[in-house]
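Asks: Here is what each chain is made of, one letter per residue.
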Amino acid sequence: MALNVSYVTRETTKNLGRNPTLTVASVITVAVSLTLAGVFLLVQEGVDKLAGNFRGDIELIVFLDPDISTAQREALAASLDDNPEVQDFHYVNQQQAFEEARELFEDQPTTQQLLREADVPPSFRITPTNPDVQSVNSLRDVYEGEPGVREVESATEAIKAIQDLSEKLIRGVFASSLVLGLIAILLIYNTLRTAMFARRREIEVMKLVGATNWFIRVPFILEGLVQAVLGGLLALLFMMAANTVLFGALSDGDYFQIFTAFDFTMATVLWASVKVGVAGVIIGALGAGLAVGRFLDV
Amino acid sequence: MIKLENVTKVYKGDVVALKDGSFEIGKGEFVFLVGPSGSGKSTLLRLLNREEQPQAGRIYVAGKDIGELSAWKIPYLRRNIGSVYQDYKLLGNKNVYENVAFALEVIGRPRHVIKTQVPAILELVGLAKKQRNYPDELSGGEQQRVSIARAFVNRPLILLADEPTGNLDPATSVGIMRLLDRINRTGTTVVMATHDRSIVDTMRRRVIELDRGTIIRDQARGVYE
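Read top to bottom, the protein sequences are chains B and W. Heads up, the first sequence is in our numbering, so the first residue is 988 and it goes up one at a time. Heads up, the second sequence is in our numbering, so the first residue is 5 and it goes up one at a time.
Rather than coming from a laboratory, the hints here were simulated on the basis of the structure. A few of these clues could be false.
In silico DSSO-like pairs for lysine-lysine, Cα to Cα no more than 30 Å straight-line [said to hold, decoys possible]:
#: 1; chain 1: B; residue 1: K1001; chain 2: W; residue 2: K77
#: 2; chain 1: B; residue 1: K1001; chain 2: W; residue 2: K16
#: 3; chain 1: B; residue 1: K1001; chain 2: W; residue 2: K133
#: 4; chain 1: W; residue 1: K93; chain 2: W; residue 2: K134
#: 5; chain 1: B; residue 1: K1001; chain 2: W; residue 2: K7
#: 6; chain 1: B; residue 1: K1001; chain 2: W; residue 2: K31
#: 7; chain 1: W; residue 1: K98; chain 2: B; residue 2: K1001
#: 8; chain 1: W; residue 1: K31; chain 2: W; residue 2: K7
#: 9; chain 1: B; residue 1: K1001; chain 2: B; residue 2: K1147
#: 10; chain 1: W; residue 1: K16; chain 2: W; residue 2: K68
#: 11; chain 1: W; residue 1: K68; chain 2: W; residue 2: K98
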């Protein structure tokens, strides 16, 4: 197939300029869809990192009654020792706990003064074998209500809440980017169909004199791809902006400690952009492929 | 050059365009297809460059069974067949030179070939002086010459013409026929569908007559009826 580069460039440029409204609409839709997809990828990455941060130091704290008997305490220790769900545990006695509490309320002298060693409960600090929410919860149920146990606490509720929220968020963003992606495909398809209709006489003559199908198709396919790539570049800019402004502000630490997980390196953003760019090319190719397959048969 | 063996083409709704048609056209022949409107002349031409496929029978062009051609080879078949139509099918946004050059450009001919071939063919059809004119600045006869130039610029083996004089007055038609005759003398096989009695009767070439899809006459040096 002898494809003349100057012919293809000339035709593609002409096609893009022929219907600027539709071209711009396609490009913007691709850009918005890809931006959402990119944000989706980044949020997912952030949530993964966030859950990872929590998982790293997740622990279960079994607070004991200050007046627990030694026998009861040793029975609990033995039970923890035997439990396969418990990876590791250590005992924090009242004195150590009192020190911890004093440190915790360092900047609140009033509270600090009210603290007395006898009020601070001793505890077992447990590292679970499985850090996921369900196993930690079932472990908690085992020890809650045991004789001598005052209360069992873990960070699972907080993690669960964050996971639930982010899952909903991710689903929403993902669904919107899918819908917009589909619309982008249809828009590119329609833009190309219009372009082909405008050029139907030329296409007829091309077929008549024996131009190959690919020769006829390539300028249109390129038109679709150019639209998708332009949209992809816009999306890249949007994503960089979103990363600096939005996630940047969140992860500043002034708001919430947990959002430090959303501080992405440029590499992460670029990697997400590459994935999104590939999605863009697929959108362009699908739109163009559908249009070309349907309207340029011999 | 062209051979039909028991070719039948039926359109939707049982419209028979060609019924069990067989004939052979040798290299360099000039053949008129005559018959009333709807008798199947255009269909026959469309079968020859595979714009249509028959339901039955075989069609050979230049020794090849074109029914066996895979889709991607059809363009190469058409590079050997020039086509001329009653409505010229010129591109209004291109001038005479560009219309003819377009045909070479889209089959990937290099620029230096285009630069020599196009002026030569425009000279042949007598439009060298109107190269920069647009189709709507030309008379019907001149437009048909451009379309013939476009069909012939690639030196095809076969030229198919579907009522090329259908929109032209008798004097202009004679000019077009002289041109087609000249092209035929270069060894190109010409198959022309027409309603023009005087042209057929003056030229005295082979005549194939169709009536509702059936070949009812095949006469060397024939007349219109």
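Asks: Below or equal to 30 Å on CA atoms is what counts here, so check K1001 (chain B) against K16 (chain W).
Replies: Between K1001 (chain B) and K16 (chain W) the Cα gap is close to 39 Å, so the pair fails against 30 Å, i.e. violated.
Asks: Could you grab the alpha-carbon distance between K16 (chain W) and K68 (chain W) and see if it respects the 30 Å cut-off?
Replies: holds (28 Å)
Asks: When you check the alpha-carbon spacing of K1001 (chain B) and K77 (chain W), does it fall within 30 Å?
Replies: holds (28 Å)
Asks: When you check the alpha-carbon spacing of K1001 (chain B) and K7 (chain W), does it fall within 30 Å?
Replies: Distance ~43 Å between K1001 (chain B) and K7 (chain W) Cα, so the pair is violated.
Asks: Is the Cα-Cα distance between K98 (chain W) and K1001 (chain B) 30 Å or less?
Replies: With Cα atoms ~14 Å apart, K98 (chain W) and K1001 (chain B) stay inside 30 Å; holds.
Asks: Take a quick look at whether K1001 (chain B) and K133 (chain W) sit within 30 Å of each other, Cα to Cα.
Replies: Judged against 30 Å, a Cα distance of about 29 Å means the pair holds.
Asks: Does the alpha-carbon distance linking K93 (chain W) and K134 (chain W) stay inside the 30 Å limit?
Replies: holds (18 Å)
Asks: Decide if the proposed pair is consistent with the structure: K31 (chain W) and K7 (chain W), CA atoms, cutoff 30 Å inclusive.
Replies: Holds, at about 11 Å.
Asks: Take the C-alpha atoms of K1001 (chain B) and K1147 (chain B), compute the straight-line distance between them, and say whether it is at most 30 Å.
Replies: violated (55 Å)
Asks: Given the hint that K1001 (chain B) pairs with K31 (chain W), test it: the Cα-Cα distance must not exceed 30 Å.
Replies: violated (42 Å)
Asks: Within 30 Å, alpha carbon to alpha carbon, are K68 (chain W) and K98 (chain W)?
Replies: violated (35 Å)
Hint compliance for this structure: hints 2, 5, 6, 9 and 11 are broken, all remaining hints hold.
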